[in-house]
Amino acid sequence: MPSQTINVFLEEQNRKMESLYKPVLLSHWMAATTGKKEWNEKHIKALNKYFANFSVKEVYKTVLFYREDKQVNSLQRRQLDDLYNKMVKNQLDPSITAKTLELEKAISHEINTYRPIFKGKAVTNNEILDILKTSNNSEQRKEAWLAAKQIGKKIEDTVLQLVHKRNKDAQALGYENFYHMSLETQELNVDEVFNIFNKLKVLSDEPFRRVKDEIDEELSIKLGVTKENIRPWHYVDPFFQEAPPVSGIDLDQVYKNKNMEQIVINTFESMGLDIKDIFQKSDLYPRDNKNPFGFCTNTDRRGDIRVLVNIDESVFWATALLHEFGHAAYFKYIDAKLPFILRFHSHSLTTEAIAMFFGRLTKRLDWQQRFIKDEQLEHLEPAIKKMMQRQMLVNARWIITFCYFEKEMYENPDQDLNKRWWELVQEIQFISPPEDTNYPDWASKMHFSLAPVTYQDYLLGELTASQLQSYIENNISNDLFVPEVGLYLKENFFKHGALLNWNEKIKRATGENLNPRYFINQFLMGH
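Position 505, counted from 1, in the sequence shown is what the working numbering calls 924; the numbers after and before it change by one each time, with no gaps.
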């Protein structure tokens, strides 16, 4: 029996977590904006302290005790569940987790320092990607594609050791395997997630077959190969994650000499969402020693929200800016009265959904006409729509392939994984495999080793964005750019933070659990 009452216990956990949380995010922000090594070191130290807080055995036992208590109310239960999900993975002896970190570090070092060998000399990954984007020479493309996969062979043994080690650790904590543990501690049910993906696969089979056939037809003409002879190296990236561009579209020109900051502020403002204060704290333009990517951080869960991007006059950065400020708006409008633990998103897929909802606006004619005001946009609409459909379909099928394989890899790591990879690629992405399928091509995808069990969130986020948009257009306003839309999002999606489970949040906001048919209706019907 714990010595503290549940309220005293939870207050103390909120206080501890808050005091350790802010230094982690602030040092990460400083490392990203200055590139200085000392901030990186401070970040690692702060992160270690933060995670150490979730390994305290006595606290864990108290969490387990109160989770069994039937009298616990929903506010208390959500906090206990959050603590449990953070703590259960940290209950192993540090000497055991140190071995896992060692394997991850070794793989990370190999990936960061390895340079593919192409035509006898070391090249960068970007040079390989450029060849796949631009070359019309099949042999050159094949050589570049094979070079992109060399790292897979180099790290294969270490990755498999890591998979076995992760499984062993998860089993020691009472889980079937690492994959199941990772999903369960993210409040994702394995059967529920894969039922959604199976349904999406079946619904998208025919539309994807048609799109893939179109893409292959275009590649056949462009590269001078028959459709039957098209292989993985004929696509624009090593894993067929991206759809090739639709010819005749240069959306970048639309953003020349436009004030992107004002356009984004106006977009959110039209919906009654005020983000001007976040712009003032953000870091928006490229410079030396600054992180080249984009992210949004909620540094203290009390309103200090910042966005890092590297704006230039391109559709890529216009989309990224809207995407990151989607995250920012979600954070800003979480109920400040919630306990610290719950002043966060209920699952990363819910904040991804909002970010994607806003990021997609750059492909909508009504948004472009209202906020960009460019005459040439109207005649580009059919091509933009086609590009969006292609991209969504190609990317969805890639993510399903990735997730099926990752799940099977942890469930049965001793099977012939190289063979299984190409079976799934052929079955889901409709790609004809190379002659040699004994090579660990899958292992060259960094996420399998260094960002495990995260990929599903992107696709679940896309599906949620479509469901929200469908509900808004049918029940709130067909015009997205009105204050009623912002009010709906604030009251039904942002406000509750992590007080609700992700699917409960979706059901409260749209009347039903996550359903892939809205994504299908939005992007695939009538194709």
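Honestly, the hints are just simulated from the structure, not real lab data.
Glycine residues also receive a C-beta, built at the ideal position from the N, C-alpha and C atoms.
Do not rely on the hints blindly, as some may be mistaken.
Derived DSSO-like pairs: lysine-lysine, alpha-carbon spacing no greater than 30 Å straight-line [said to hold, decoys possible]:
hint : residue 1 : residue 2
1    : K441      : K464
2    : K573      : K508
3    : K618      : K573
4    : K804      : K524
5    : K631      : K792
6    : K464      : K476
7    : K464      : K489
8    : K464      : K540
9    : K914      : K926
10   : K792      : K804
11   : K641      : K455
12   : K540      : K508
13   : K476      : K456
14   : K456      : K505
15   : K468      : K561
16   : K455      : K480
17   : K804      : K505
18   : K561      : K480
19   : K584      : K480
20   : K641      : K435
21   : K677      : K805
22   : K508      : K524
23   : K468      : K505
24   : K468      : K480
25   : K476      : K455
Pair ranges (Cβ atoms, derived) [what the hints assert, rightly or not]:
hint : residue 1 : residue 2 : range
26   : E460      : K641      : 47 to 57 Å
27   : D512      : D754      : 21 to 31 Å
28   : Q559      : D719      : 30 to 40 Å
29   : K677      : L466      : 34 to 44 Å
30   : D696      : T645      : 37 to 47 Å
31   : N932      : I895      : 28 to 38 Å
32   : A755      : E457      : 27 to 37 Å
33   : E661      : V609      : 49 to 59 Å
34   : G454      : D833      : 17 to 27 Å
35   : L466      : K805      : 17 to 27 Å
36   : R650      : G691      : 45 to 55 Å
37   : S422      : R721      : 43 to 53 Å
38   : E633      : E800      : 16 to 26 Å
Consistency of the hints with the structure:
{"no.": "1", "hint": "K441 - K464", "in the structure": "holds, 13 Å"}
{"no.": "2", "hint": "K573 - K508", "in the structure": "holds, 29 Å"}
{"no.": "3", "hint": "K618 - K573", "in the structure": "violated, 36 Å"}
{"no.": "4", "hint": "K804 - K524", "in the structure": "violated, 42 Å"}
{"no.": "5", "hint": "K631 - K792", "in the structure": "violated, 33 Å"}
{"no.": "6", "hint": "K464 - K476", "in the structure": "holds, 21 Å"}
{"no.": "7", "hint": "K464 - K489", "in the structure": "violated, 38 Å"}
{"no.": "8", "hint": "K464 - K540", "in the structure": "violated, 39 Å"}
{"no.": "9", "hint": "K914 - K926", "in the structure": "holds, 15 Å"}
{"no.": "10", "hint": "K792 - K804", "in the structure": "holds, 18 Å"}
{"no.": "11", "hint": "K641 - K455", "in the structure": "violated, 46 Å"}
{"no.": "12", "hint": "K540 - K508", "in the structure": "violated, 43 Å"}
{"no.": "13", "hint": "K476 - K456", "in the structure": "violated, 33 Å"}
{"no.": "14", "hint": "K456 - K505", "in the structure": "holds, 28 Å"}
{"no.": "15", "hint": "K468 - K561", "in the structure": "violated, 47 Å"}
{"no.": "16", "hint": "K455 - K480", "in the structure": "violated, 40 Å"}
{"no.": "17", "hint": "K804 - K505", "in the structure": "violated, 41 Å"}
{"no.": "18", "hint": "K561 - K480", "in the structure": "violated, 56 Å"}
{"no.": "19", "hint": "K584 - K480", "in the structure": "holds, 25 Å"}
{"no.": "20", "hint": "K641 - K435", "in the structure": "violated, 60 Å"}
{"no.": "21", "hint": "K677 - K805", "in the structure": "holds, 25 Å"}
{"no.": "22", "hint": "K508 - K524", "in the structure": "holds, 19 Å"}
{"no.": "23", "hint": "K468 - K505", "in the structure": "holds, 14 Å"}
{"no.": "24", "hint": "K468 - K480", "in the structure": "holds, 20 Å"}
{"no.": "25", "hint": "K476 - K455", "in the structure": "violated, 36 Å"}
{"no.": "26", "hint": "E460 - K641: 47 to 57 Å", "in the structure": "holds, 49 Å"}
{"no.": "27", "hint": "D512 - D754: 21 to 31 Å", "in the structure": "violated, 39 Å"}
{"no.": "28", "hint": "Q559 - D719: 30 to 40 Å", "in the structure": "violated, 51 Å"}
{"no.": "29", "hint": "K677 - L466: 34 to 44 Å", "in the structure": "holds, 38 Å"}
{"no.": "30", "hint": "D696 - T645: 37 to 47 Å", "in the structure": "violated, 58 Å"}
{"no.": "31", "hint": "N932 - I895: 28 to 38 Å", "in the structure": "violated, 20 Å"}
{"no.": "32", "hint": "A755 - E457: 27 to 37 Å", "in the structure": "holds, 33 Å"}
{"no.": "33", "hint": "E661 - V609: 49 to 59 Å", "in the structure": "violated, 28 Å"}
{"no.": "34", "hint": "G454 - D833: 17 to 27 Å", "in the structure": "violated, 43 Å"}
{"no.": "35", "hint": "L466 - K805: 17 to 27 Å", "in the structure": "violated, 44 Å"}
{"no.": "36", "hint": "R650 - G691: 45 to 55 Å", "in the structure": "holds, 51 Å"}
{"no.": "37", "hint": "S422 - R721: 43 to 53 Å", "in the structure": "violated, 30 Å"}
{"no.": "38", "hint": "E633 - E800: 16 to 26 Å", "in the structure": "holds, 18 Å"}
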